[in-house]
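Visitor: Residues per chain are reported as follows:
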Amino acid sequence: MKQGRRHISQPIPAGQREEWAEDIARPLDEGRERAWKRFFLFRVGAEWFALDPKMFVMASPPASPQRLPHRQGSIVEGLVNADGRVIICIAFDRLVGVASSSVPSLQRRLLVIGSPQGQTAFHADEVLGLESLDVEGLAPLPAGAPGHLRNCALGVAVQDGRPVVCLDPEALARQLAEILQ
Amino acid sequence: MSQDDLSSFSMEELFRAEAQEQCDKLLKGILALERTADPAVLLEELMRAAHSLKGAARIVGLDPAVQVAHVIEERFVDAQKSNLSPDPSTVDILLAGVDLLRKLAGLSEGAVPQEEVSAFVEALARQPIASMPVSAASRVERPAAPAGVKPAERHDVRFDSERLDTLLGLAAQAVVASNAEAERSLSGIRKAVWQIQSLLADAYRAPGDERRLVLLRQAMAATAQCQTAVGDEAERRETSVRRLSRLCHRIHGETLASRLRPFGDIASGLKRLARDLARQLGREVNVEITGEETEVDRELLDRLDGPLSHLIRNALDHGLEAPEERATAGKSRAGTLRIVARHHAGWLVISVSDDGRGLDRDEIGRAVTARGLATREHVAQMTDAELFEFLLLPGFSLRREVTEISGRGVGLDAVRTLAHGAGGSFRVTNLELAGTLCEITLPVSLSLIRAMIVEIGGEKFALPLTRVARAVSAAAAEIQTAGGRQHLPVDGELVEILSAAQILDLDDGAASGDAVHTVVLVGPAGKIGLVVDRFVGQSELSLQRLDARLGRVQDVDSTALLDSGEPVVVLDVNDLVVTATNFSAGSRYRPLGKQGDRAEAAALRVLVADDSLTVRELERKLLAGRGYTVETAVDGMDAWNALRSGGYDLLVTDIDMPRLDGIELVGNVRGDVRLRDLPIIIVSYKDRDEDRTRGLEAGADFYLPKSSYQDESLLRAVVELIGEPLPV
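Chains as they are written, first to last, in my numbering: chain F, 1 to 181; chain R, 1001 to 1728.
Excised from the complex, chain R in its bound form:
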């Protein structure tokens, strides 16, 4: 039997991997102990897990972990000897022990002082041996598996995610190469051989001596053989290329699938959470998890843990009633919490439901009116779905008091943010009989998207299809101008259109010819149309992260390879809508088709950054009036992006700005190899000495108060730094 090659891992890494595995086994087993009538087998497995962990910890010299694992193991040994299962309070301590082991092994955050280890050891020692007798059923021997038949076992192998990405890249490249190979054929050679043969036939028909005719006949026979060989070779090649292509596609598909993990991987954690919370809140609950085998994107699974925990908290705190209340209402004392994961119509659907009291329409309505979010009359007219939407607003909570468990009003909002961020949706509704249903719908894979491919400034870009509202091709004559901005009628509505190339700081992407190809995106302030060079088509893309060294690149979500092997940038639609809106409001705006003229290119360019429209305009007019070419940015981040696109001779900036303040902006400029020599003037209301020192220390050349407009000191500083504007 072959072993996985683990030689590249350090002992600590191997220990962490083993600790993770054994802690998972312990958690799963301890939770199952409470529910099983037959703990003997479980206790044996648990004892083994604790023992293995103890041995591994000893090898790496992690004595506190040895101590904790030892007392846990001892407790399982005692339980086995006495044939008794631990009671719930002992289970609590054992679970705390697993948490402690995870911390000690460096699997979760936080340092562990020795006192905590000692406290745990003492707490476990204080617990009585056990309370629940093992039922008679446990003593019944399980039917043994037929000799020689081993149950099929899923064997997980640890894999470096970086290596998996490399493998995926290579698999994708193999698909591209095999496709290219399939396109090449031997038809050129076949044609050439056929031509030789027909030339030889012509030569044979021409008069000539006997010897030449014999030679020609031989040549024709040889060519005919050659033709047959080429035909056979073409057929063999076609079969082989088809097979190669199929194999490459399968390798790619399997590599992609290895990014998926079963939902069951987080199920134990969720069960544990529900159990602990139920005990804390005095609820009785049966947790049912369905679809543990449902495959979920590895990255998505990590992200789901938090939101699902929120939903469980909500269900136990708001949804399920206390046992007495349930009994009075004629329900069973123990409520049921169902967590279901399934694939439906190409989406992953995860629901958390309870059989509790359900959502109270009146209570939500009162909370909505009390917060002034809608009038009482309006609330009365709303459907349940509309009213329940308010529960998803940031900070909206029905709890009057914030408890440790819920009531801060962040839970449902966080779930919705996750779902929307991943291109999915989230809804909350009442179940028909009793209880609440929370349903998250997500794409099956975060790393695979269907995208629309467009060309902008001569380059191909991808937009996630789920985020494109419409794609319209119209005649340039249909463009209408309103308020100095261009619009296009789309489905009876005027949508503002902007050049995607200008927004993305690429070469001019003005609509060419008569056609205007527009992608309509939906943003918080309404629809916005981006004019692209052309629509290329649709494609399924396997996403790759952009190199982390580039930091956050505005408007870029990720990258991918097209079927042709060409790289493509996947645009971030949320970002793009904000950039487009800022662009429309800023002075860099140019109508479609207008190119910057040569004089403009030669002029001295100044960038003015201020979040106040008034100040921005005042400075712009002042400098433009003197003959400089002035462009504006609405905040520090907008300015930083503009500066990085290059070509400015001076930056005039405010200090207090959202997203990136002036001091940080100046710091960024001075730290950038290409921009570090750019002259900078800070113009601020803050005119105390310490503010001035801070600005100059950050690297500004001048620090002027905002009153400097009146006495022309701003203009003097500009001339001093970059000289008089060039004559046009």
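The following block holds chain F by itself, in its conformation from the complex:
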């Protein structure tokens, strides 16, 4: 306690005020500001994905989807209740063609995303929430990436040393609509 008070009340080193004022007065590096964008990060299987926050609707505890007739083995896992609306729950791993996780995850969440065509739910094995990513420094997907993923990805960013696939919201919605039909 005493130490804390001492720390707060100690005199400011000479020149620091000027340094701060200069720092604040410096014009923003606009190019660099634009390069960073907030994304909603989640993991499915071993892959991390970044979603435009505008597409994100809600996250809730995992749910067991009610299956639809004649749709066994399809991408549609069934129907779930999202705040009173019955919406489709899909297998995200199959939508983008990545391997699903065989290990049950305690961090598993049901994510709901929205597009003009409607809302869709899917299970993510882990959700990190909103993070800033450098969108101008996106790397292309590896040559061997599945076609479905390639169709709806903007590129790969790096967050905390891990690769994250940034998703293109329009392409993702389009791919979803095509596959659901």
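Derived by calculation from the structure, the hints in this document are not laboratory data.
As the structure is a computational prediction, the values presented were derived from the model and not from experiment.
Any given hint might turn out to be false.
Rough simulated footprint, nothing fancy, chain F against chain R, three-plus residues with beta-carbon under 8 Å [unchecked claim]:
(1) 1164 to 1171
(2) 1224 to 1230
(3) 1559 to 1573
Heads up, the beta-carbon is just placed ideally off N, CA and C, and yes, glycines get one too.
Could you slot chain R onto chain F? The hints should help.
Guide: For chain R alone, kept in the frame of chain F given last:
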């Protein structure tokens, strides 16, 4: 006074909303002009409506609408000045003007060329100012409302239907959450506190030093206080949860009620139709509408417009006599057309009746025999109700000539289709004194149904109660086999039973244990029993549409949430009966309790789609004889549904099939992400080069003529595409 937030609407959307409102006012007012003795007030209102519409059209730059609204407004101004009411022919033109405005505002279909606008302006200008003098009554001042007293006014707010659905969903969810909250109680905490207290009492009774006893006494007092606090808290919580639950139910109920609209919303349109038709047919008619305040499901109200128009057409064309004929028969020259909407015993009943000549039993009988629908003797024995049922058959009409107004024989059939589709009924009968009565009975809400909840393949499904004929639980020993199919005696009748899980392509839903739980449904070909895992109960469901991106999902009508918050699929009984019948006739049929064995699962599976039973069987035998597992589909749609359930290695299909032809089927498969690599062979009678090209272009791997069975080219193609069958 607060304003509705309209910032999210574009100017065009706002204009359309206003145009709708002003056009409704114009229509209602113009129709009332003909019947009122006091047009002054009406003319003032009409002038204002036309003026507002003109101003709004000017803002969005819709000049033709400005022009039309202006001349209409001018006509009302003239009528006011001259104190004269427009004559019927002017009313005709004014009504046409309202139609034109609706079209211009994009409220109804069709583009409007400038010539049409000019023609209307000229037509209205040509009309003499007015003909009917305003009666003396109109000059009598109306008693003014007492100062400060404003009549209660219903204020409508425009609302995005999507947002209303969201609100309804949230309200339903709030009910579920409040119910769950009510189930949780503080009894666990009360019990724990009581246990602590009894332990402390035991400790106090045990020998010990003075200091420890003092501390124990204090601890017991504190626990007693805690117990009282928990008791008080439990009571407060219970009251609050009860209140919350009541509020949530009310919010849900009110949100549901906002889906209802008064029947009066379509009344003006119906009056207008009756008036125009009566003038066209040379009839005189008084239209009486009762029950304008009756609340009707918004969606149902939209659907009712067409069928009610049919009934009005029929009444004016077939029912009501010409004025001279009525006068000769001793009736008033003007007939009466009554439209009544009312709620009765939980149903919405809408009737259209007239005091015309009524239905002629002999004439209908003659039409029935002439069409070979029944013999003369049979007709003679029929009751009126039975005979009048023929009027509801598709294409049945008493008119010899088709006129612009009626006689195509589609009207009554369309009304019956609407009523049945919505789970209601329709009847036509003669009134006791004179005239005809057409009565439509419908559920009050399309979005609320009472449903039977069953479990199929471990999942809950709902069936509309009105469509379930019987629900029977019987012992497995009661199942009888006839013609290779299983049956169950129900009310002295043998009903074929099928596994609902198999029909719906869910995991095996074979009857477990000794009991067979069967839901009996009635289809066109008779009764059919669906065996479910168990009956869960009944529930009132608020329906939600299935996501449009899924397209039409076979056997699914809609979705809903159960009281527990679980989603449930509401099954489409009409579809289900057809699927069950096809399933029984197809090769995917398995008796209850028989599971597919492992060898079958490992074998190469071929789906054969052909609407000819002979061809289907021939191909099935040919391929099964070679060792493939073959299943059949009776048409393209049946095949498409089977393919989507997965697990096939090859599709062999015909081209000419009902519901979905082979080319479309191949197109669907090639366009589906999961199925696009499925090998396909088309086998068709069509063996011209252009047919072959069409089939291959659609994406088939082989195109073979039906003669290919003889020279084994079909089998060779199959082996080439998927290889020899696996050894069993």
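Visitor: Could you tell me which of the hints above the structure violates, numbers in ascending order?
Guide: The structure breaks only hint 2.
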